[in-house]
Amino acid sequence: DAGVTQSPTHLIKTRGQQVTLRCSPKSGHDTVSWYQQALGQGPQFIFQYYEEEERQRGNFPDRFSGHQFPNYSSELNVNALLLGDSALYLCASSLKASFNQPQHFGDGTRLSIL
Amino acid sequence: AQKVTQAQTEISVVEKEDVTLDCVYETRDTTYYLFWYKQPPSGELVFLIRRNSFDEQNEISGRYSWNFQKSTSSFNFTITASQVVDSAVYFCALRGMDSSYKLIFGSGTRLLVRP
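Read top to bottom, the protein sequences are chains A and B.
Sequence positions in the first sequence follow the numbering used here and run 1370 to 1483.
Sequence positions in the second sequence follow the numbering used here and run 9 to 123.
Mixed in with the good hints there might be a few duds.
To be verified - Have a look at the derived ranges for each label pair, beta carbon to beta carbon:
1) A:L1408 - B:Q91: 22 to 28 Å
2) A:L1464 - B:V21: 33 to 39 Å
3) A:I1381 - B:E34: 33 to 39 Å
These are computed hints drawn from the structure, not numbers from a lab.
Just so it is clear, CB atoms sit at the ideal spot from N, CA and C, and this is done for glycine as well.
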C-alpha cells in the first residue's frame, strides 16, 4: 500500500522563477492538502483540493496555485519565487468522507531559492 | 481564532529518562480534534495519536501516553524510558469542525535523547 509520494525531493530555483511540485495521495484517498514548513517552524496550511477544486485556502498569496487531477494527484505551483518561499513543502492526503481520520503526509519537497 | 502553543522549543534528556512535551490550544469550536505528529530528520510527518474533544480519557500506547485536559486546554505527550530513536521534532495540531481538513500546527518541540 503506497503512501503519499512527492516529487522532486529537492529543488533549487532563483528569484522570479516558477516551480511545480507534485504529489500522489495514499491509495484510496481523494483529498489533498498542501503545507509550507519554514525552517524551525510548524507547517502552515496553503490549500486543499477535493473533486479537482480548491476547497479551502490558507493565508497565502495568489502566486501559490494548485491543481488536482482525476486520479486525485495534485500539483502545487508557485510563481515569481521569493527568497522567503524557501521551505519544505508537504503534501497530505485524506478521505473526505472520514473527517475524523488523520491526514497522511509525504516526505516533502525541499525548495531552496537563491 | 485557533492557535496551538508548544512553549518548549528544545528538550534534551538522557536515554531512559521520562519526558513530557507540552501542548496548549485555543479554539471556540465545541467539537475539534487534536493530533500529535513526529517529524524525524527525513521530513515526513508521522501520525502518533488523534483525540476528539468529547473524549478526555488518557491514552497509553507502549512507552507513549497522552493527557488531554479540556479544563486547561492542554494535550500533553509523555514518553517513558526515552530512547535515542525518539529524537525528532514533535508537533501538536488542532483541527476544528469549521475548518475541514486544515490542521493548525504548533511550532514544534525538538527532542534530543542522548545515549
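Quick rundown of the hints versus the structure:
1. A:L1408 - B:Q91: 22 to 28 Å: holds, 26 Å
2. A:L1464 - B:V21: 33 to 39 Å: Given about 37 Å between the Cβ atoms, the range holds.
3. A:I1381 - B:E34: 33 to 39 Å: With Cβ atoms ~38 Å apart, the hint holds.
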